[in-house]
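Q: Given next are the chains, with one letter for each unit.
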Amino acid sequence: MALAARSYPGPLANRHAELSLKLAGAGVGWLDTLRADSAARYRATGLPTPKVEAWRYTNLKDLVGIDFASAPVVGDMALDSLPRASLLAVNGHVLAFVNGRLRPDLSTLDTLPAGVTLLPLSEAIHSDEQALSAHLGRLVEAEENPFVDLNTALMEDGVVLRLADGAVLDKPLHIISVGAVADTPLAFFPRLLAVLGRDARATIFESHAGIGEGAYLSAMASEIVLGAGAHLEHYKLQNESQSAFHVANTRVTVEAGAVYDNFVLQIGSRLSRNEVHTALIGEGASCRLNGAYLGAGKQHLDSTTFIDHAVPVCASREVYKGVLDDQAHGVFQGKILVRRDAQQTDGHQLNRALLLSRQAEVNAKPELEIYADDVKCSHGATVGELADDQLFYLQARGIDRETARGLLIEAYVQEALDEIGNAEARLPFQRLVGGWLKSRKG
Amino acid sequence: MVGTAETLEQVQAVQDQKYKYGFITDIEMERAPRGLSEDTVRFISAKKGEPEWMLEWRLKAYRHWLTMEEPDWAKLGYPAIDYQDSYYYAAPKSKDDRPLSLDEVDPELIKTYEKLGIPLQEQKWLAGVAVDAVFDSVSVATTYKKKLEEKGIIFCSISEALRDHGDMVREYIGSVVPYSDNFFATLNSAVFTDGSFVYIPKGVRCPMELSTYFRINASETGQFERTLIIADEGSYVSYLEGCTAPQRDENQLHAAVVELVTLDDAEIKYSTVQNWYPGDENGKGGIYNFVTKRGACRGRNSKIAWTQVETGSAITWKYPSCILQGDNSVGEFYSVAITNNMQQADTGTKMIHIGKNTRSTIISKGISAGRANNTYRGLVKIMPKAENARNYTQCDSLLIGSKCGAHTVPYIEQRNPTAKIEHEATTAKISEDQLFYCKQRGLSEEDAVSIIVNGFCKEVMKELPMEFAVEAQKLIGISLEGSVG
Numbered sequence: 001m002a003l004a005a006r007s008y009p010g011p012l013a014n015r016h017a018e019l020s021l022k023l024a025g026a027g028v029g030w031l032d033t034l035r036a037d038s039a040a041r042y043r044a045t046g047l048p049t050p051k052v053e054a055w056r057y058t059n060l061k062d063l064v065g066i067d068f069a070s071a072p073v074v075g076d077m078a079l080d081s082l083p084r085a086s087l088l089a090v091n092g093h094v095l096a097f098v099n100g101r102l103r104p105d106l107s108t109l110d111t112l113p114a115g116v117t118l119l120p121l122s123e124a125i126h127s128d129e130q131a132l133s134a135h136l137g138r139l140v141e142a143e144e145n146p147f148v149d150l151n152t153a154l155m156e157d158g159v160v161l162r163l164a165d166g167a168v169l170d171k172p173l174h175i176i177s178v179g180a181v182a183d184t185p186l187a188f189f190p191r192l193l194a195v196l197g198r199d200a201r202a203t204i205f206e207s208h209a210g211i212g213e214g215a216y217l218s219a220m221a222s223e224i225v226l227g228a229g230a231h232l233e234h235y236k237l238q239n240e241s242q243s244a245f246h247v248a249n250t251r252v253t254v255e256a257g258a259v260y261d262n263f264v265l266q267i268g269s270r271l272s273r274n275e276v277h278t279a280l281i282g283e284g285a286s287c288r289l290n291g292a293y294l295g296a297g298k299q300h301l302d303s304t305t306f307i308d309h310a311v312p313v314c315a316s317r318e319v320y321k322g323v324l325d326d327q328a329h330g331v332f333q334g335k336i337l338v339r340r341d342a343q344q345t346d347g348h349q350l351n352r353a354l355l356l357s358r359q360a361e362v363n364a365k366p367e368l369e370i371y372a373d374d375v376k377c378s379h380g381a382t383v384g385e386l387a388d389d390q391l392f393y394l395q396a397r398g399i400d401r402e403t404a405r406g407l408l409i410e411a412y413v414q415e416a417l418d419e420i421g422n423a424e425a426r427l428p429f430q431r432l433v434g435g436w437l438k439s440r441k442g
Numbered sequence: 443m444v445g446t447a448e449t450l451e452q453v454q455a456v457q458d459q460k461y462k463y464g465f466i467t468d469i470e471m472e473r474a475p476r477g478l479s480e481d482t483v484r485f486i487s488a489k490k491g492e493p494e495w496m497l498e499w500r501l502k503a504y505r506h507w508l509t510m511e512e513p514d515w516a517k518l519g520y521p522a523i524d525y526q527d528s529y530y531y532a533a534p535k536s537k538d539d540r541p542l543s544l545d546e547v548d549p550e551l552i553k554t555y556e557k558l559g560i561p562l563q564e565q566k567w568l569a570g571v572a573v574d575a576v577f578d579s580v581s582v583a584t585t586y587k588k589k590l591e592e593k594g595i596i597f598c599s600i601s602e603a604l605r606d607h608g609d610m611v612r613e614y615i616g617s618v619v620p621y622s623d624n625f626f627a628t629l630n631s632a633v634f635t636d637g638s639f640v641y642i643p644k645g646v647r648c649p650m651e652l653s654t655y656f657r658i659n660a661s662e663t664g665q666f667e668r669t670l671i672i673a674d675e676g677s678y679v680s681y682l683e684g685c686t687a688p689q690r691d692e693n694q695l696h697a698a699v700v701e702l703v704t705l706d707d708a709e710i711k712y713s714t715v716q717n718w719y720p721g722d723e724n725g726k727g728g729i730y731n732f733v734t735k736r737g738a739c740r741g742r743n744s745k746i747a748w749t750q751v752e753t754g755s756a757i758t759w760k761y762p763s764c765i766l767q768g769d770n771s772v773g774e775f776y777s778v779a780i781t782n783n784m785q786q787a788d789t790g791t792k793m794i795h796i797g798k799n800t801r802s803t804i805i806s807k808g809i810s811a812g813r814a815n816n817t818y819r820g821l822v823k824i825m826p827k828a829e830n831a832r833n834y835t836q837c838d839s840l841l842i843g844s845k846c847g848a849h850t851v852p853y854i855e856q857r858n859p860t861a862k863i864e865h866e867a868t869t870a871k872i873s874e875d876q877l878f879y880c881k882q883r884g885l886s887e888e889d890a891v892s893i894i895v896n897g898f899c900k901e902v903m904k905e906l907p908m909e910f911a912v913e914a915q916k917l918i919g920i921s922l923e924g925s926v927g
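The listed protein sequences derive, respectively, from chains A and V. Its first residue numbered 1, the first sequence is counted upward by one per residue in the working numbering. Its first residue numbered 443, the second sequence is counted upward by one per residue in the working numbering.
Here chain V stands alone, though its shape is the one from the complex (with noise of 0.2 Å):
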């Protein structure tokens, strides 16, 4: 009886919280509660006007979470995450509390982007200046929404598909990622705030690189974001996220989820260039950057490729990853990480062999300068009916100086005997002689630095879109400025 009693009272409980926060919080707030619980979900998925599946789902994960425990097995240090004491979903900021010119920007910031070669107008973007939105992308935007619209292609925030293709949403949404993935990742599914939403229709090529830059609400990018992209039959798009200068945000803590789907003979290429705060030299600050980023290649022959150049972030814990269910399909990863100072890097990919003739590559390179330290750490499964797969993995480190580490840690499942996996990994350091031969032509120690590594990176920088690629060569350059001499 005395069970009986207890729980009684524990539902009594329960029923008094949720008279008291419930569901009549005020929509009009900008901020929910301090501190995560159901009403927070509940808040978010209001303010967001989002539909009643969705909302349940967002408390399965989070019901869900509670019962997790944060994952340890990567190599990175870092002090306890107090998940309690962070604002969960913020209001866009109003233009009072943004910096009124690019005076009131961190001069540092503003030097980044001259090296970049960014022109004045995208920095104040970049920085969080107040501008109206008149500037050049917003125009050159519009028109490219004009022709994606021509193609049938959908492109925009995953809260505006919530509301306008519901059913497509529901049918994919955790589909890749289940809300019960992993810690991170099921924290995600309960507060995700926004992010992006693509779909490709049968046989249409996308005519350009779809960009989160290009989407004009994206301006907050978001702690929690998550981008869902489905390449129907015979389709192809490339996706860029993020981009090479660095972004300023107040949130410390991120949590992507990426979930990518294609079906038959479709293709996805999808690169990243990560540049968010790394913190400064002594490890004070910077982002922590857990992200789940999954690619299911459902369809026969279809392809997703991960592109990665991942230069920021004071922590990094991402596995872009390949689920090969359709057969003769094909995953790709091509990883640059490079760590300086303090920064921490425990990534790299999965690559989970289920349909026959499935292929798959993964060429990561890692540069550990500083103190940092960087771990490529990845895993190679093939499933027993995953007939004649093939795996080439090549993990090449490189060390710059005596302080940093560099980590390789692959993990090989094999269940089919006609498959096949090759996987090597090297570690080396930049050699006197390569550095003596650039000085002897007159360049600087950072600029023979940078032409070294950038030369150790070709076979993943070749795979960055044209965009991309200029910008993210120079950034390998500033990213290990002070790294030698």
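One chain only, chain A, in its complex shape (with noise of 0.2 Å):
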């Protein structure tokens, strides 16, 4: 009898050598390094099956049963114009890419203020070398994430975000990237790197739609840099195309007393896994990892999350909320580390899901990993579907029970969109649900 397998053959895995001759930036030496070793570990890895304990809930038997192309050898797709309404309504700053490629005719980038470089990754590679080298991999070097590897062995373009020492990004960064889906199943590999230096501030939002019915694979990965007393915001919205596969994976230092506030809400794809990792490596740092995931059909959302407490006095909050119809999935991974000398931690979180079908299913593993004596951690979780007496109270004030379950799941969403520390960054975000909701009643 065979034994359980624990990997799957990882998409394009032998295809790199062939490939990366195509990237962007291939020549440059310490570029070709890291990405040949990403692409080795990849093809030794492979992709995971369930048997491996962080994938027990998210199978992507689906995923490696797809023949992806790499989306650079394909010729550019023709598009005119982006999805708007698939993406957050937001002004400021944007950066488009269809199926991983800048598209500077989508894009606006106005005059930048002091301090602030922001260039596609393209571009930084040879205007910005010293800078990428120094930073470029260095957040996902240390685990073995065979998603992340594929990323940097493949990655054609994405943005390069730099701060200087107080400076302060003026209007919001917009990230779009859309999957445009073609003959063959695409995949892309969109990359972001953003270096906030001590006080810095910086919002970026980030929207990721589809155009067309069909597979293709997202696989986005992200490293962020917060100096001390650094700020950043960043929301993200995950809207792909039904068939689509997303798998983002955002890796966070956070310096002392600096912010990293993030918002993810999941409503698009076939199967999506958004993982965030979030270091807290400085006194006083703080996190706030928050979502929502809004399932239907036969959709697979993962939301999984990681907070490591390696220093002392460091807070971290994180509410994550969940409605799932139809026979879609909910997938909720949160741990919470708290290294020795983490005294004085402060560290919380809730997960809730709401399942609306019987065919419905959700799977949640808060985590909780402590080694100092001294904090203060807790988590909570609660499953189920809407309160009887809350829907009993709103009929007997003469709404309808169908109006009334509308009513229910738009606040019980809405306590999520209240997480979001910017105000007033969750109007694009409240639309994107509304019309959600709108169409669940249809």
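If you are wondering where the hints come from, they were derived from the structure by calculation, not from laboratory data. We treat Cβ as the ideally placed atom computed from N, Cα and C, and that holds for glycine. Incorrect hints may have been included.
Covered stretches of chain V (in silico footprint by chain A; criterion: 3 or more residues with CB under 8 Å from a CB of chain A, positions within the stretch not fixed) [stated by the list, open to error]:
(1) 842 to 849
(2) 854 to 860
(3) 864 to 871
Among chain A residues calculated to face chain V with C-beta under 10 Å, some are [unchecked claim]:
(4) 341
(5) 357
(6) 358
(7) 372
(8) 374
(9) 376
(10) 377
(11) 410
From these two lone chains plus the hints, build me the complex, please.
A: In structure tokens form, the structure reads like this:
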């Protein structure tokens, strides 16, 4: 009898040698090495099966069954405008990517304030090489994550945002990634590198959406470095096509007194996994990892977070809420690690899920790993359906059952949106949540 | 053709082996040969005079075990176990091997017994001193046995049960924990040596707490125990396992299996105090305890409650579980796990809700001191047909000192929208205020810690039967000795 297999052969694993020659920056020594090392690791590890503890609730068998082509080898998509309705409606600097490649015609880069560098990755490789080589791949090298390795091996384009000490990004940066379905299932690997100096401030929005029906894989990797006292608001919408795969990995380090405020709304894709790992490495650092996922049809939406309290007196707060209809599957995995010396840690996590249908399913694994004694840590989780007494209360006031349900679900999701630190940023998310709820009623 | 030749060779080799060690092994031998093979399994089965089907079942388990991997998902670290470097069967020790009096026993052990207030005769029994079996508990046991027989209750060793109630054992053994269940349970299925069998007939309420303590022939608590308890319709039994006093055991590896079955309206309350040798303060020695405990609430309105106080063993890997099949059935899990020095515990429960209106409650208190690591790992699974199922889980961890670890890993799997699951976990430490308050009133630091920890565990301790509760409270204090100051 065969022993339990712990890995699938990874898509594109054997294509790196041929593909890498055409990638942006091919021939730049340190980048070639970084890509080749990642490719070798990816080839060796493959993609995890549910036998691997961290992937027990998300099975990639549908993903590995598809013969993806790396996007750059296919000709550019003719696409005249962005699918505005599927994106966050925010004003600011826009960098738009179609199938992982920058589209200058769809982007708007206004004059940047002093101390701010904002470049597409494909350009930064040449014009900002020194800074890039100092940071790219640094946050992810310590761990083995096949999707990050795949991204590093084949990344073609992305965003590099650097803020000098005290610099402030005047307007939000909106990163738009559109998957445009082609004849062949495409895979693309956007990359984000954000380095904020001491006391720098910025807001980043991300919108991920798709055009057309068909499979594609968007596997983004982000590295974010926050200097002491820096403040980053990072809000993301995952609204990919219904047949798409979305796997995103974000790694953040937060220095003393800095704040990382993160929110992720997942409503799109056939299968998604959004992983955010935050390391609080300076005293007084804090992070807020919040999110909501709304699933219907046969969607599988996975939110996985990891907070590493590495030093004393740091705070983390986490609220994730999910609503699942039809045969949708939701997964929440949230781990808080408090290291030996991280005394006076304050860590709180709450995850709640609402099931609207008999076939919907949710799996949750909140986790505390604590090695310091003077800490306040807690997590809470609840799963269930809408409370009958609340429905009754509204119906007793003359509201029909369907409307009452809608109101209660909306209020339930609103609680998660309220966790977004920047109140203005809640509005574009509210609009999308409202749209999702409306589509449920029809 | 090459393949055929190889096959023939292999068959021949197997045949030769059988001839060499096979069925003609000397039954009078005291020990099975070192290591694990089909012959070891046959030896054990023959020694016990088991029926043919039992041997077949053991062999099936053994063959399956060979295909399995030792699990590595628990938060435990220990050197690799060499399963071939151990004896799987030894006849009960003769008196000559045992200490002749308490003077020959480790004085530390005696000190602990005294603190627990254990009578001298029982101290000898626990320490394995060769005594003629005439002290109090024996006569008590005889009286008990008579009472049980009157009610039609069967309470005996599993070997006796195989002899006298074979059909019943055959029907139920492996029905809750199949032979292929997990690495350690499968190993147990192949080589289990003894354990208890309990059957409570329809409508009978067992008049006393049943305890291995009173089962005379249980003095050799086995390395691979197998316990099977069946509560027939409308019956009730409370079963106590282990005892508060530290027990000596030569075997480092323990892999027990406990199976419980409740039919309609029946209830089993299973309480454990586990205090095997935890190793010294540097983590040398100590028992590895890999236990599979599972109860099936087969009948409507049935109930299984697990209560455990885990203070011993170097490694604890244990997840007493309830399969809530019958409609309206109830599962409960109350646990106190204390780890000190270098101990590691990864323990929790699984509540599998299958039937309608099934309810489960999980209360877990983990206390970690010294350089120990204590993990709660629990699964709550709601199957699609479990209408209106309810679960409430509360996991609290207490850390004493800055070198230990306390971890919580709940798994929640929800597949029915009408079910409700609530989970809460907190982590805290003994506050300076609490300590100061107690010390100011003249309590020593150690007594203060003991009182505070007992308060922390109160929700679980009150679930223990009276016989256990008092001693268990003292035990908590003793387990944490040296953890402060």
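Q: Which hints from the list above does the structure break, by number from lowest to highest?
A: 11
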